Structures are given as structure tokens and as C-alpha cells.
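Can you join these two chains into the complex? Each is in its own frame, and there are hints to help.
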Amino acid sequence: MAHETYLLDRSKLANSHTLEVARADGAYAALRKVFESSMSPESVVEEVKKSGLRGRGGAGFPTGLKWSFMPNHESDSRTRYMALNADESEPGTCKDRILMREDPHCLIEGCLIAAFAMRLDAVYIYVRGEYRLPYDRMQSALDEAREAGIVGDNILGSGYSCEIHMHKGAGAYICGEETGLMESLEGKRGHPRPKPPFPAGFGLWGQPTTVNNVESIFNVPFILARGADWFRTMGTETSPGNFLCGISGHVERPGVYEVPLGMSARAIVEDLAGGVWKGRSLKAWFPGGSSTGVLPADMLDTSMDHDSVKAAGSMFGTGAMIILDETASVVRSALILARFYEHESCGQCSQCREGTEWQEQIINRLLSGRGKSGDVELLVDLSNGMFPGKTICALSDAAAIPVLAAIKHFRGEFEACISSPEEVLA
Amino acid sequence: MALTAALKAEFDKLCTKYPHRRAGLIPALHRCQEELGGWISPETITDCAEYFELEPVEVYSVASFYPMFFLSPVGQHVVSVCRNISCDLRGASEITNAARQHTGAACGESSEDGRFYLEEVECQGACTSAPMMVVDGKYHEDLEPADVARILGEIQ
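So the sequences go chain by chain: R and U.
Heads up: the first sequence at position 312 corresponds to 312 in our numbering, and the numbers run straight through without jumps.
Heads up: the second sequence at position 69 corresponds to 69 in our numbering, and the numbers run straight through without jumps.
For reference, chain U alone in the conformation it holds in the complex (with noise of 0.2 Å):
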């Protein structure tokens, strides 16, 4: 899959708001692993590289810095559970538990149906409602175990 037209002309008026263009390449790294099949392949590296004037290595030095990019396929749905010290003193690991119980997917790995990818995750930021997780991006806070394969389960 190549940028498709609709993301080179978003890229376009993203770039409007910074002296050099550059500046745009991580957020537009976010808007090519959402509508480019949820990762960052080695075309996408190569085109953003065009699109930006880097070198690929450029873009992957880039892509690699931030936990926040895939680099290798995930499955469907991403389930980050939050791993950090506020979460763990309010059971994180038992969120995980059910999270790796629902989805049969190992931390850092894909279920085998490629529905789901699990991951361990380092602070999100919502320290307060402690134990969470993020689903496909959405934040779901004071959780109890028996929350995890209900709002999983609730997912078409």
C-alpha cells in the first residue's frame, strides 16, 4: 500500500503549520499506521522517505524511537495494559492476566486469530484510576479483572 492521495494532501496541510517539513513525519507516522493496516511496513517507511526528502534509514531511525509505532504486523485490536507503579499497586498484573486470558495472546504478541495484539505498556497518564488499559486507543480506567473480557468481548 502506498500513501494514497487523500493522505498526501492531508500531509500537505499538516506540514503548513511548521517552518520545515520534517516536523511533520511523526504525526503523520500516526496517521499512516492508523489507515495502513495498524503498522508501519518498510513501504510505508520508504514513502514517507519521498514524501518527506529523508532517507528511509531516516524514517526508521524515527519509527523505531517510539514505542507508540509498530514496526512488524499486530493483530486487529491492540489491548496496551499499563504495567507502570500506580497500576501495579492496584493489581495491573491481574488485568493483564484476564487480558492474556480473553485474547490466548502473550504479552507482545498477536492472538493466533489475529484479532487481538496484547502488550505491556510503561505510565499512560491516568495514574488516578489505576489499574487501566488502552483499547484501539480508547482509555478504560479503574478496572476490576472480570471488566477485561467484558469490554473485550463487547468489541465487533
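This is chain R alone, in the form it adopts within the complex (with noise of 0.2 Å):
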């Protein structure tokens, strides 16, 4: 069945990274016609608020709101930053990589559109050290865009100046948590801080900042070139417009596939990735990335979008799924991310620092044949003494949740390391 695409249509030119190409396709458009067409800020927020865009880094908190929340320039006279969070690496996720490898120039548009509206003064695009090429694209176009007079000085003669930057994280899962960013974006160690004081208020170095996922901000300049009604033409009407869903794990072809928002995860494994690999049968499926709690085959007919997968009692996420087969132990998973949250925890909180570890070991005390009568109950017991609201940032909650999702579906799993260590060790 085919649907209205727009997010991945330029990455499929060659050379899609460039000026020349970008511009040829209608790159910087959107940032023209809000110049020309006089739009005030408030009315490019206006926009994004009716567009009804939910934030794509996994929370999904409506963008538009998100921006109206810096304060107002008249009475705080401060320094105004957003910070782009490019530090994709909720596992299973892999679409921002994509957008700033093959189009970074509708990624600088949708900075500027952004930066207009909240009248910012500069941009920092936070991306994770591993993504060299991503990076060194972003730069290039970057570097083009200024060039152009596109970036920095009196955009497109226009009289509005920002700049944006480029910024290289190193390897940290906390630092896609948007304090535990900005702290490391100032040089220090990824800690994310206590909120409140939330970002608006004080951001990086204590000043007005929205920190914003990659795909939200590369939905803005389509928004505002082809209107906020358009936008809604496609989706849910509580999640609206095309998502970037990336599918791996155990499928015939997994990628990275432009949807709308509210497909059934069936159409989307089925249709679009081919169905479950080798002819098997599914067993299980993470709708959103590994912080999201595991369902169960049944359920695959769930609508992908933020209030359904919340009625299924998960989280829509980032959109990543993982699809698991009707062979694969679910145990096994839970101990690979018992044993990512633990490497991943900053250690500022104890109920993370400390649970996300016994967690792992009890996992793979079950795992090794030497799991004991009450493990399955200490498990659910200790990670609901994780989340929520127990710790600062909630790392700790990501680290819970699954555990219980996969308890709470595949019990028997875990009851089956205790009463049948052999089979489990085979």
C-alpha cells in the first residue's frame, strides 16, 4: 500500500548531501518563504504547535509546546541556545544517522526555522563520537551553508544571524538524556541534573535552551513549506505526519522505513521488512527501541503511535523495532540490556547505579544454570524499586521497565532457568 513520503525522498539523489543537489530539490525553501512572507517567531511556533509534531527521540513530547516554553526575549535578555540531540544511541536505533549522512542540509533548515522562532542565538548539534561520517557530512554542509550566507550572518539577507555548530560527543548512552547532555556539551562528565530548573530556564552554561531530537527538527521545514494541515493529513490525530521506523533483529530485511504514524506493527514486519527471517514464527517485538517493554506476538497488530502503544503497555519510543524469533530467549535479551543500562548508568543515583548491577547478575545467574527458588520475584521487586521518580534522570526507569515487560510475557522463560538449569545451559 503506498503513502504520502517525504522525509527520506531527497536522501534517495546522489550526492543528496551537497548544496547543489539540496538546493535543486528545494532545500532552504521553507526557511526562504518564512523570511519573505514576514512570518513573526511566534507565528513559525504557532505553526509547529498545530502541526501536533511529538518530539522523535522518544518521548514524544509535542514540539511546538516544547519551544513555547523559552522565555520571553523582551523581559530575559540572556543568551538563547537549542542543543540538537544527535547522540542517537537508544539500541535498535539507527534513523538520525541516516538524516545527517544523506541530507544534513534539511537538518541546518530545520536548525534555522527553530532558531528563528525562538530567536536563538546559536545551535550546538551534539553528535555521538562514533558517527565520523554523519559528522563530517553535517560539517561539509554546514561549511557550504555558510558559505552561501545560508548560516551565520544575516541569513539569506534577512537580517536574522545565527550560528550553529558542530560538536563531538564520546560514546556515552547518558548524554542522549537531554541535561546529561548539555552538562557534557560544557566539558564535563555526562551527569544529567535534577529538574527542575528544566532547560528554558537554564540550560547550557545557566542560560535559555531547547534541546531537540534530530527527525523532530527535520520535520520542521516541510511543515512550514507545505503548511501545518498537510502535516496532519498524515498519521494519527494525536500523533500526526511520517515517522523514521528502523526495524532489525529477525527479519528478512531490516532498515530504515519511512511510515505514518499509526501503522500496524504487522504491516510494517510483514509488509515492509519481510516478514519474520527463515520462515519462522514471531515470538516477541520491542516497539521502540530497548527502553520500551517487550511485547508478545500477540500483539502485533498494534498501531504504531504513541497512544497505542501506550494502551498495549509500552511506549511508542523512538519507533526502533526489534523483532525477536520464535528460537531466541528472551532471558538472553533482558541479560544483554541488564547488562547495557549497567555500563550506561552514570552512577550518580544509587537506586540505578546499584540496581541496574544486581540486575545483571541475577539475570545471569539464571542464564548460568544457577538461578535460585524467589529470583524471578527479587527481580520484579528490585527493579520496582527502580522507577519511578526515584532518580534524577530516568535512566533508571529504561533499565526497569523491560525487565518487568519481559517478566511480565515470558515468565515461564525465566521460571524455566530455575526449574530446568540444563536446558537453559544447552
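These are calculated hints, taken from the structure and not from any lab test.
Please read all numbers here as calculations on a predicted model, not as lab measurements.
Watch out, some of these pointers could steer you wrong.
What the hints assert, rightly or not - Below, simulated DMTMM-like cross-link-like pairs (lysine to aspartate or glutamate); rule was C-alpha separation at most 20 Å, straight line: (1) R:K310 / R:E357; (2) U:K138 / R:E357; (3) R:K372 / R:E357; (4) U:K17 / R:E357; (5) R:K278 / U:D142; (6) U:K138 / U:E154; (7) R:K188 / U:E55.
Here it is, written out as C-alpha cells:
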């Protein structure tokens, strides 16, 4: 079934990352339209609010609303920033990498429109250190755009000026958390800050700051060029637009597919990704990255939008589906994720620092045939003690939720590690 | 090895991006690791501390937080195999085994001849082309175990 696309259209052109190709394909037309139609910054924020765009970084918070939290520029004369979160590191998620690599100019255009709307002085694009090629592509695109008068002073002759800077991280998942990212950008350990104060009031270097995800900002030029009403023709009432669904694991054709929000998970797995690989059947699937609770096969008719996945007892997250076939071990997946969160915990809060380590130890014990009676209950109790709202940031929640979901839907598999350890070891 | 004049000039330019000099520290540590022996030596820490007007322990606390920085010497070529879920589901452990065999290094260690350092790493953001490994910063994706010897064998 064909659906309208826009996010990845340009990236199908040869040399889509260059200014020449991107401009011929309409890059910066939305920015020009904003300037030439004399839109006020407030009306740009209104248009994004009206579009219903929700953040694509995991939380699904309305982007326009977030922008409107920035303080009034007349009563608050501090320097204003955006930190663009390109620290993509939620396991399963690899969409921002493609956007930066293949269509950096669209992202720059989105940053500039956001910057104009929030009257920003500068934008920092925080790219995870491992993403060398996407970083280099973004830097080249930025250099080209600056040369062409699109970035920096007096953008496109509008009188508005804004700098965009590239910044390289060094491989820590926690720096994808907005306050951890800001600490890291300031040259410190990526320790999340307690909230409040929120970034709009006290962000980078204590100045008003908005943190947005790459894919969220990437949608902005399309919304301004074609209108909020057009945007709402795709997706659902509460989750409009298309999203990039990265589907990985046990499918025939893993990949990053552009689909409207609200498409059924089954259609994505079966029609786009070619179904479960090797003719096997489905056992379980993560709807939106490793931090979203795993769901059983019989829930595959769930629609992929924020409300529907929430109603199914999980979260939409980054929309990155991870597929487990009938031969996969849910307990092993739980171990891999527990090990990941233990590795990535910044160590500030004891619930997270100790909890993730204990989770890993217990699951490891189960999988090595040394499980004790009561271990599953212990794991549940422990995980329930790690959230909600007990720690500075949500990494602890992100570690607890997948373990609890795995036990909720596949308790028998965990119990079997204790009752038949010889089968687990085999 | 102290910070070279070229690195200092590069850092002077780097720091103009930020209202506070310290923000340049992490990008600067990357450049130090690339240019000064593949790791962050105690001398690099002292030199960066001096450059950024910080105490050495502050630089150490930052460098030790981030997995991409090595605080002890590593082999000439760094081989990082992703061990996270999407790669694991598609055979990451076989990729690690092949890398172990070819390099002769255990995970988290360098080979005896000093040519390779092998490590397992968390998600690198290439999940839809799993399994994958990174060699000296370059991504190699959609791997079969047999690809590992070929890719590592082609390194001069």
C-alpha cells in the first residue's frame, strides 16, 4: 500500500548531501518562505504547535509546545541556545544517522527555522563520537551553507543571524538525556541535572536552551513549506506525520522505513521488512528501542503511534522495532539490555547504579544455571524499586521497564531457568 | 609527548565556538588521542589541564567517563564489535569470535604483537545492518564471520 513520503525522498538522489543537489530539490525554500512572508517568530511556533509534531527522540513531547517554554525575549535578555540531540544511542535506533549522512541541509534548514522561531543566538549539534561520516557530512554541509550566506550573519539577507556549531561526544548513552547532554557539551561528565530547573530556564551555561531530537527538527521545514494542515493528513489525530521506523533483529529485510504514524506493527514487519526471517514465527518485539517494554507476538496488530503503543502497555519510544523469532531467548535479551544499562548508568543515583548491577547479576545467574528459587520475584521487586521518579533521570526507569515487561509476558521462560537449568545451559 | 603547536592552534580555533573554553575539552581529547599515541596518557591529561585551565583531576574525571577514551595504551588498530541486542540477534558473538581468532587478542586486550586492540562495545547505531564492527573508526556492517578476517587482513 502506497503512502505519502517526504522524510527520505531527497536522500534517494545522488549526492543528496551537497548544497547543489539539495537546493535544486528545494532545500532552504521553507526558510526563505518564512523570511519572505514576514512570518513572526511566534507564528512559526504556532504553526509547529498546530501541526501536532511530537518529538521523535523517545518521549513524544509536542515540539511546538516545548519551543513555547523559552522565556519571553523582551523580559529575558540572556543568550538563547538550542542543543540538537544527535547522540543517537538507544539500542535499535539508527535513523538520525541516515538523516545527517544523506540530507544534512534539511537538518540545517530545520535548525535555522527553529532558531528563528525561538530567537536563538546559536545552535550546537551534539553528534555521538562514533558517527564520523555523519559528523563530517554535517560539517561540510554547514561550511557550504555558511559560504552561501545561509548560516551565520544576516541569513539569506533577512537581517536574522544565527551560528550553528558541530560538537562531538565520546560515546556515552546518558548524554542522550537532555541535561546529561548539556553537561557533556560544557566539557564535563555527562551527569544529568535534577529538574527543575528545566532547560528553557536554565540550560547550556545557565542560559535558556531547548533540546530537540534530529528527526523532530528534520520535520520542521516540511511543516513550514507545506503547512500544518498538510502534516495532519498523515499519521493519527494525536500523532501526526510520518516517522522513520528502524526495524532490526530477526526479519528478512531490516532497514529504516518511512511510514505514517499509526501504521500497524504487523504491516511494518510483514509488508515492509519481509516478515520474520527464515520462515520462522514471531515470539516477541520491542516497539520503540530497548527501553520500551517487550510485547508478545499476539499484540502485533498494535498501531505504531504514541497512544496505541501506550495502551498496549509499552511505549512508542524512538519507533525502532526489534524483532525476536521463536528461537530467541527473551531471558538472554534481558541480560544483554541489563548489561547495557549497567554499563551506561552514570552512577549518581543509588537506585540506578546498584539496581542495574543487581539486575545483571540475577539474570546472569539465571542464564548460567545457578538460579535460585525466588529469583524471579527478587528481580521484580528490585526493578519496581528503581522507578518511577526515584532518580535524577529516567535511565533507571529505562532499565527497569524492559525487565518487568519481559517477566510479565514471558515469566515461564524465566522460571524455566530455575526449574530446568540443564535446558538453559544446552 | 606534549601538546604540539599545531594542536594548540587547533584548540584555539575550536574554543572560539563556545562562550566558555572548557566546552572544547572533549573534542580536544579526541584530537589528542588521534595524534598522541592512540590513548590519553597522564602527560596528555596534565597538558590539557594546563591548556584548559583546569586541575588534572578534572580532566581525568572527564576522560574516564567516556568509553571512547583509552586511559592506557592500546594496540595499533582498534577493533570494536557491537554486542548489543540487534547485533546479538544476528550473530554478533560469532563476529567477536572471528575477531578474537584473527587478532589473537582477548576482548578488552591488545594482541601480543601490539597490532590490534579488541573490544566489545555497546550499540553503535547501525542496528538495521547488524551485525557490525568498527575498525579504526570505520563502520563495517552486515557482517558474516568470514568477512572479519578479510577486513582485518586488508589493514596494512
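Status of each hint after checking the structure:
1. R:K310 / R:E357: Distance ~28 Å between K310 (chain R) and E357 (chain R) Cα, so the pair is violated.
2. U:K138 / R:E357: violated (31 Å)
3. R:K372 / R:E357: holds (18 Å)
4. U:K17 / R:E357: At roughly 39 Å apart (the allowed maximum being 20 Å), E357 (chain R) and K17 (chain U) break the hint.
5. R:K278 / U:D142: Holds. K278 (chain R) to D142 (chain U) sits at ~17 Å (cutoff 20 Å).
6. U:K138 / U:E154: It holds: about 13 Å lies between the C-alpha atoms, which stays within 20 Å.
7. R:K188 / U:E55: holds (13 Å)
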